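Peer 1: Okay, here's what each chain looks like letter by letter:
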Amino acid sequence: MSEIQNGLGLSPVPKSGVKLSMKDFKSDQEVRWCPGCGDYAILAAMQGFLPELGVPKERIVFVSGIGCSSRFPYYLDTYGFHSIHGRAPAIATGLASSRPDLSVWVITGDGDGLSIGGNHLIHALRRNVNLNILLFNNRIYGLTKGQYSPTSEIGKITKSSPVGSIDRPFNPVSLALGAEATFVARTIDSDRRHLQGVLRRAAAHRGASFVEIYQNCPIFNDGAFSRDDLFREVETTDDLGEAFVASRVSDPTPIGVFRDVDRPSYDELMADQLGRAVQTQGEGDLATLLNGPDTWTITEGSAASD
Amino acid sequence: MSEIQNGLGLSPVPKSGVKLSMKDFKSDQEVRWCPGCGDYAILAAMQGFLPELGVPKERIVFVSGIGCSSRFPYYLDTYGFHSIHGRAPAIATGLASSRPDLSVWVITGDGDGLSIGGNHLIHALRRNVNLNILLFNNRIYGLTKGQYSPTSEIGKITKSSPVGSIDRPFNPVSLALGAEATFVARTIDSDRRHLQGVLRRAAAHRGASFVEIYQNCPIFNDGAFSRDDLFREVETTDDLGEAFVASRVSDPTPIGVFRDVDRPSYDELMADQLGRAVQTQGEGDLATLLNGPDTWTITEGSAASD
Amino acid sequence: MKQVKQLDRVIVRFAGDSGDGMQLTGDRFTSETGRLGNDLATFPNFPAEIRAPAGTLPGVSSFQLHFADHDILTPGDAPDVLVAMNPAALRANLAELPRGGRIIVDTSEFTSRNLAKAGYGASPLTDGSLDGFAVSALDLTSLTMAAVEQFGLTRKDAVRARNMFALGLLSWLFGRQVTTTVDFLNRRFAGRPDVRDANVAAFKAGWNFGETTEDFAVSYEVKPARLAPGRYRTISGNTALALGLVAASKRAGLPLFLGAYPITPASDVLHELSKHKNFGVRTFQAEDEIAGVGAALGASYGGALGVTVTSGPGLALKAETIGLAVAVELPLVVVDVQRAGPSTGMPTKTEQADLLMALFGRNGESPVPVVAAASPSDCFDAAIEAARIALKYRTPVVLLSDGYLANGSEPWRIPDVADLPDISVEFATGPAGPDGFLPFSRDEETLARPWAIPGTPGLEHRIGGIEKAHGTGEISYDPGNHDRMVRLRQAKIDRIDVPALEADDPGGEARVLVLGWGSTQGPVAAAVRRVRKTGGQVAQAHLRHLNPLPANTGDVLRSYDRVLIPELNLGQLATLVRARYLVDAISYTQVRGMPFKAAELAGVIQDVIDSE
Amino acid sequence: MKQVKQLDRVIVRFAGDSGDGMQLTGDRFTSETGRLGNDLATFPNFPAEIRAPAGTLPGVSSFQLHFADHDILTPGDAPDVLVAMNPAALRANLAELPRGGRIIVDTSEFTSRNLAKAGYGASPLTDGSLDGFAVSALDLTSLTMAAVEQFGLTRKDAVRARNMFALGLLSWLFGRQVTTTVDFLNRRFAGRPDVRDANVAAFKAGWNFGETTEDFAVSYEVKPARLAPGRYRTISGNTALALGLVAASKRAGLPLFLGAYPITPASDVLHELSKHKNFGVRTFQAEDEIAGVGAALGASYGGALGVTVTSGPGLALKAETIGLAVAVELPLVVVDVQRAGPSTGMPTKTEQADLLMALFGRNGESPVPVVAAASPSDCFDAAIEAARIALKYRTPVVLLSDGYLANGSEPWRIPDVADLPDISVEFATGPAGPDGFLPFSRDEETLARPWAIPGTPGLEHRIGGIEKAHGTGEISYDPGNHDRMVRLRQAKIDRIDVPALEADDPGGEARVLVLGWGSTQGPVAAAVRRVRKTGGQVAQAHLRHLNPLPANTGDVLRSYDRVLIPELNLGQLATLVRARYLVDAISYTQVRGMPFKAAELAGVIQDVIDSE
Ligand SMILES: Cc1ncc(C[n+]2csc(CCOP(=O)(O)OP(=O)(O)O)c2C)c(N)n1
Ligand SMILES: Cc1ncc(C[n+]2csc(CCOP(=O)(O)OP(=O)(O)O)c2C)c(N)n1
Ligand code: SF4
Ligand code: SF4
Ligand SMILES: [Mg+2]
Ligand SMILES: [Mg+2]
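Protein chains in written order, with my numbering: chain A, 1 to 306; chain B, 307 to 612; chain C, 613 to 1224; chain D, 1225 to 1836.
Worth flagging that the hints you see were computed from the coordinates, not collected in a lab.
Take the hints with a grain of salt, since some may be wrong.
Coverage of chain C stretches by chain D, computed from C-beta distances (three or more under 8 Å per stretch; other residues unrestricted) [stated by the list, open to error]: (1) 975-981; (2) 1071-1079; (3) 1090-1102; (4) 1134-1148.
As the structure is a computational prediction, the values presented were derived from the model and not from experiment.
Note that CB positions come from ideal geometry on N, CA and C, so glycine has one too.
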């Protein structure tokens, strides 16, 4: 297991002194998904992958929304924040842009990330906030027991669409590219090597990395993706148009990294402005600030302006 | 002035018996924008264009959010709903999907439609709700007196970004295409012919028509677009990838209709399902519904199941 | 024939793993019970939405049914019979079973692995810890497997029919019919003949087991209750609410438009309504709660009965849009099926802690009427009442239900459609008067404004969330106009016609009044009944309208020495009542995610009486 | 030299078109006034955010300044001097000018076109309607044009300097310095020399005009007030609030992170804070209010002082996330600069109608402390106090300001940095104890939980919005645990250390208490002073902490026969106080988008006294 080049993606994050193993990343919480849920595979892949980061556990944070997928953070012995529905990218933006020393991961679902949270997602992407955003796409609302989601196919019969959904689904990769994300990828729960390969590249990318993970929900949408589907590895490009065109292909389904391009990340830009302010104006002095440009002094009974 | 082919876009909307003129569409409200605001030109273009629709005034509804641009409905003598910030596409979705006999227009700004309202926008587009969505893009928050918006260029100096914005802007056309909008166009406030031409095609398209209108805000972002900029007419395509690639070109700026493709609109699909339900199950009978499948009868002191 | 013993009431609880089909079993038993003419009430209690691992305590799902030969008010405090499909189910429920109660367990599940999962050191079946209970330790699994052998199912599918064996046994025990459940199973599993046959066989085997083996010496009979004559069904709160909305739409003559985003425990209202497209019902699953209420408001603007349904976190998100509806004065029904909070809280558990949010959770002075359903079947009437107010007064109305009502069920005397209130309204029609159309003029009696929908010639007008001039509706920043409009909007809500509050005090000598609202109605009434049985004098009253409160509320409250308000929150109605009437109401609260128990509440009432 | 008359106080109102620069003029006059040692208070009053057409009534913008030789409490009810730059400005403001008041108008603007725009049939300058006022009808435009001729400006730019001519004239009239304003203009227009020179010239011309012409026979002097010794500046509420947040960050030793979405009248806090990057202040302009508060909470989680600032509609949107902060118990400051509602309402107008939303506007039992600023400069201290509570108790805190405080200004004695409270907190440090780290264990005194930020080795843990087990913080659906946690969260807020409520009753014989909160402090105090002047006995008290209320509040209220609560809403504090203390408080309310007038309020107080 080789360590990720700590050059780009994790540059401001301190390195771990000791070598960590998969087991170090397992929390003491009982994992609670249905038997056969694809989330187990993703969790195992993640736990297996995290040691590669070479980052101490306490520098890693998982932020999630609400959904089956969003329970993910409980099972990792890192810092974790299981927040509210759809808001993880927003919360993580505050964390990542003020704490460049952390490796921040967002875990979301197709409902959490594309339905209620769609706006926060595209804004985090355009801002290039230093996050690794993993969208577990099972094309269904799992936690609420099976309604169609923004990635369910037209005609899908679910509890809330008894004669078939009429909503044209998003292609999450196309949408992310439409938001000009700097790193966009797709992978599958059932192919651990591929999944870990994509995680590796996502982590290496500094800025917002968006990864759609096809995930099977055996209870409410079994077989939405299967090993028998045809998948083809895309070629990574930094050209947005090309990547978008690649995302439109459907048979075989393209997987892999569609786009990977280097742009300053949001925290860097923010820190730069703060740094430059100190350089040009000096460290802020509170007394000077409170005084402002225009003061006067009152001594016993008299006023004189300064 | 020729009438729009009432074939596609307005098919379920009754035609006007009388010929209407520009003046019929002016409301009695005093127009309140700053002198020189691009909104005046758009309003005049719209008032001049509406008679072409051939639709009676009472069948036209303008729904807007909040912003300078969102005051638009007050100045048109049609039905109008000046709602709350960012929510116009959602409100209009309820209206348009239950009232196919109306021509529904959404007026929004770059803040209203892409910042707080970004999610409703992309969802209305993917669902292909029968709306004409006009996004007045002045690359600034006008109404709140000048903060940068999601379309402001990096480095823009505004009240809230005194040393320059660090947020990479959206390209509204790319974003709409990423959401797989069926009709996507761009035009400019200052070119009335072009603007009206695009409005004509947007109205003719049934389903969601998205039109970005470059609009000058002389007060807070003067000259963001100028007549001297180079513009080039795009070729309309129904291919999403091609349209997206076209949207990535920047110099000269492409204007015109990027994509125009025919897909069933949301209200049609919804009405179809209702119609089919009546066909297969008959008009709903309330008594039958209340009874449900399993009842029993109690006469004085006794129970017997039916 | 075995002996048949008469009972006046029984409480049965089915408990098992989330995957054991306890809810289905309970539902089925409930249907049969209703059919026999018993009065009944149910309490399904399931774990978090997500499935906990099989066999663990967090994975236990239960269904309690209370049935009787007289009218009953709650699903009962403590079960008489507990069916426990595995050790975890036994452990999670045993504490509530009174000594002497009957326990039916599946011995095959009491493996050391399962015992460990449930946290048992030794098997409770053998370590004496069940002494004092009437335990029927049966190998339900093997019995079921034997019964379904012939259908060649997988072991997994065969074992799955265990719940039907248990249902058969209980059906025998309480004299339920066989045929109707068989019919039901035939319908339910029509598409999978092997599963259908196995379930039927398991069910019959269970029944026969009771009839033939010696484990069960007597069976029981609970005579039909003297319910009012009529046609009945059992109904859950969420179903009743959905049907009430359809009925309201029909009785208003307006199409129903539901804009909603799924959320526990409200999603079933969306599910139910999405089935009734032949009633012209449009259901729109929105991208979030804000879009759900927005679309509903847009549909109302277009002349539909716009409805949105959600639970607490969703209501919080809808606040701004409800405020817009207050400002533009359009009808809108906002259903909040409350769950335990704050924040995500405990989504599958009940609570009444959204009352003050419903009343005050918006910026500015933004009054909305609030109606609260009192029982599962009352959700039907409450929905019609909410729609009536919304339409008549052109206002958003919050309808409060909760997880307990939503999933609980009871017999419902099906109303005659013709007896349902006529809640039709008139749209404004053109042409406009000499001063033009005045969208913010008001009806003298109701203060409602005219509702002119797009498509009406001559009434073209603009509305919005900015303050509007009285009458014309034009944007107005005039100080006096704003003050006037704020007070007019408040007055419109204050004068809504709600029925007077009725206190029930048969003895006429009570000094203590118990005031309930929403789903506490059943527990309060049951507790009051207990107190009265032991000679206590106590009055009760129930608030269905929380805003406006009935005009006589203050008078009623002040005519008692003490007012006790039990609530599943920290005293929200008490806050309201104290502020309004300066009555020193005693607040008794529990926030356990569970309904009150009648016995406990009776004790509290008695204490108040005694302290008088 | 002309005659100089002494006055003890003066109220000046500048009124003109939105484009006329009245706010700048007022601000400048304010600075000079502060510099002279007068006490002062200002009230800027501008139209809707959008520019109305020039010359119309909705386009009128005004700025009122009250200055005195003694301490004053409000910007004053009615102006003594009205500067009206056009007919609309005259018409919109004349009603508030008492007979005998002085009016300065620009005659060149009284064209028939402009008169018509303002709705005047005939010119008020000539039709006698200004009889009884002291009118100075001057051709300000021509005078200005003449003064700036030499700089070769366009006519438009030249006319724009009119406001400086007026400022010069007023500066002469009240004996303000010339040099400091000239310096200011030189700084302000440094980049555009022609505009700079024209403005300076116009200003000086105005001053000289007063000095030389016969229109003005006397000038006035208002002696310095006896303010406490110290260094002063004028400060608006929004600036004070922003500086308070920076100070809180410094005194807490934590970086400040602001997540905000622009909204009137709160945006200036964002603007101000975005300037102070050299203090390590991060400002994040979010995509909406929800993202703003979410990012602030995320930053708090990471160990920053997370703050979000908004107005009413935005607070409604933030409710769900504030609920999350309640559940995860992290510090967060939520600023609501209230404006007139409901819905969009009147964004530039003031109101106090978000109090109950701040208290109750979230699902479930979700208690948050609420602090309300009392005056523009108090926004500074209130911000520090809100941050102190948030940090110490690990809780979101709502800080209420309003449009009146936000834009109004007053002299502020600049505090010594060393005198500011130390509000530093300690993060939890590893390693965890023998039972592992317990993120939901509690401090015995404060009930606050440990704050362990990411990056702390050994304290890795998970938090979330689902109910958590006491101590461990693991997900828990246990009924008893939920009840306990709900009550613990409430108890934590209830025991926050807030100072006792102090009643001011110099005579010691008052039977009536006036209770204020937030921005009513000034008007209430001014009204009380008036009543006392005429011999009335009245006590006053002011609530700065709305949750928890000071422990002695009930005692204070009950020691008076009558309690009067004036509010700019329909009685929200009254509701709270009545519910809590069963005190039959009298609610006096106005919702006009304007602060109370002291005279009016004095009348109301007197009526209550008289009715005793
Ligand atoms: C504000 C709010 N609205 C709705 C819900 C209910 N809810 C919880 S998860 C979820 C969708 C889950 O779908 P997805 O994000 O695809 O996750 P999955 O369970 O499929 O992994 C919904 C609607 C909620 N918890 N909060
Ligand atoms: C919920 C809410 N948040 C914020 C605001 C304040 N606000 C009003 S309009 C606006 C942005 C306007 O920008 P844009 O949409 O680009 O419209 P423009 O004024 O430029 O036409 C903002 C932030 C509001 N009215 N409501
Ligand atoms: S419902 Fe589906 S997604 Fe959720 S845990 Fe079960 S299998 Fe996984
Ligand atoms: S601020 Fe800008 S966008 Fe708004 S009305 Fe003025 S010029 Fe137009
Ligand atoms: Mg999903
Ligand atoms: Mg804009």
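Peer 1: Does each hint hold? Answer for all of them.
Peer 2: Going down the list of hints, with the structure as the test:
1. Coverage of the region 975-981 of chain C by chain D holds in this model, with 4 residues showing a Cβ closer than 8 Å to a Cβ of that chain against a need of three.
2. Counting residues of the region 1071-1079 of chain C whose beta carbon lies closer than 8 Å to any beta carbon of chain D gives 4, which meets the minimum of three for the stated coverage.
3. Evaluation of the coverage hint for the region 1090-1102 of chain C: fulfilled, as 8 residues show C-beta separations to chain D shorter than 8 Å, against a requirement of three.
4. Counting residues of the region 1134-1148 of chain C whose CB lies closer than 8 Å to any CB of chain D gives 0, which falls below the minimum of 3, so the coverage claim is violated.
Hint compliance for this structure: hint 4 is the single one not met.
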